[in-house]
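Asks: Single-letter residue listing:
There are 2 protein chains.
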Amino acid sequence: MKYNLPHKTIERLSQYRRALLICLEKGQTHIYSHEIARIQHITAVQVRRDLMLIGYTGTLRKGYNVKELIELIGEIIDSSEGINVAIVGMGNLGRALINYFIGKRSHLRIVASFDINPDKIGNTMSGVPCFSIDDLPQIVKEKNIRIGIMTVPAEFASQTADLLVKSGIKGILNYTPKPVNVPDDVYLEEYDMITSLEKVAFYVKLNEQKIV
Amino acid sequence: MKYNLPHKTIERLSQYRRALLICLEKGQTHIYSHEIARIQHITAVQVRRDLMLIGYTGTLRKGYNVKELIELIGEIIDSSEGINVAIVGMGNLGRALINYFIGKRSHLRIVASFDINPDKIGNTMSGVPCFSIDDLPQIVKEKNIRIGIMTVPAEFASQTADLLVKSGIKGILNYTPKPVNVPDDVYLEEYDMITSLEKVAFYVKLNEQKIV
DNA sequence: CTAAAAATGTGAAAAACTTAACACTGTTAG
DNA sequence: CTAACAGTGTTAAGTTTTTCACATTTTTAG
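Listed in order, the protein sequences are those of chains A and B.
Per the working numbering, residue 1 is the first one in the first sequence, and the count goes up by one each step.
Per the working numbering, residue 1 is the first one in the second sequence, and the count goes up by one each step.
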């Protein structure tokens, strides 16, 4: 199987699948590249290129088979056994993520959450139990958790990342506004909401200036 | 002033500033390109290139003046009068965003939130009042809101975007998993947490396969 | 005073990513 | 039956973004 796919293609494949799943629900069996493109705000060529890279061939004039394509994307980007995920920090963002994911992607299982607040520890939200952060290393091993999502306050970012790494986690998604450091064998993805908003603000300002 | 900056540079400038603000608090007056680079997990050349693009010149052997650089980045990416922002959807994610922003960036003011739940309407969270979504067009005009952050459930994504556009908003940050369509004069930024997590999962899987 | 070291600034090369252009092929209309 | 059409697949070109390589300059050490 090909895995030297561009980073951007990986992201788009995930997005294509999301769109395709909606089509499947609606009973749509085939879809054209330009239909996918319109949904994702990209070009049809881009879509065809991505599908070419994963080796999927559509039917001429009929487009792509929705079900087949969903399955192929799954084979490429999912692990066959699924991956267990933990959320560290059960503030608003942590809870938002749990609500968001529940029942969405079966191969990504949120199996635990962690917090330091005694009021939260011991509770279960949408089937996800909340543990003390002190028990993190143990629970990570017991439950074979391989990805940690960090939704703790910024001041705890570094230590949380260190703890996750020490516990043997293999991927971190950091929603903290503070960048963290991890060893090379741990995959790190960081996202900062302020950056996104500032970017929007910049382009809004730019558009206004263009008009003037 | 130069505004034909690469998209990526805009994002990084926002991130540099965040890092610089922390340095400023610590009392650090100067910083080297490689120090910024290490924090952001990029190369020093990249940092220097970005600063070159915005026309900032450091002091040889002393690095960049933290305070000056923060101010220059502000001149580039901020609007002088600031921008008013609204959050649509006061679920966990909406509340997370408010907590996240309060007191962080003075030029981005979250001045209103909207929901359909009568229990939430009329409340104030961290100084942000919650209005009925029915009043959105009016409030947007009254308060001169130019950016809307969408944190509503996916099924309301399209109609919320339409409403925001019709109300005269100029930028949308869509945290819904459903892509929306807006006219060309409205800047749209979309972010999907599932895509990010799936990306992490993909690279975790990939790393494991490399080892085997 | 001079050489080595350590930083910035930048033209040019390289890499990553996107788009154009077009060959190809079923499908449809006449 | 044939021409026009509307889709896919892909090579090549173009664009954007990153990195290399190195000239330049200040500081430090001897």
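Note that these hints are calculated values from the structure, not bench results.
Beta carbons are placed, not taken as given, at the ideal position from N, Cα and C, and that holds for glycine.
Incorrect hints may have been included.
Calculated lysine-lysine pairs in the DSS-like style (CA-CA distance at most 27 Å, straight line) [said to hold, decoys possible]: (1) B/210 - A/199; (2) A/141 - A/104; (3) B/62 - B/120; (4) B/141 - A/8.
Partial list, derived from the structure: chain B residues whose beta carbon lies under 8 Å from chain A [to be verified]: (5) 77; (6) 146; (7) 193; (8) 205.
These stretches of chain A come out as covered by chain B in the derived footprint (C-beta under 8 Å, 3 or more residues) [as the list claims (entries may be wrong)]: (9) 26-34; (10) 46-53; (11) 100-110; (12) 165-172.
Asks: Which hints, by number, does the structure contradict?
Replies: Per hint list: 1, 3, 4, 9 and 10 violated.
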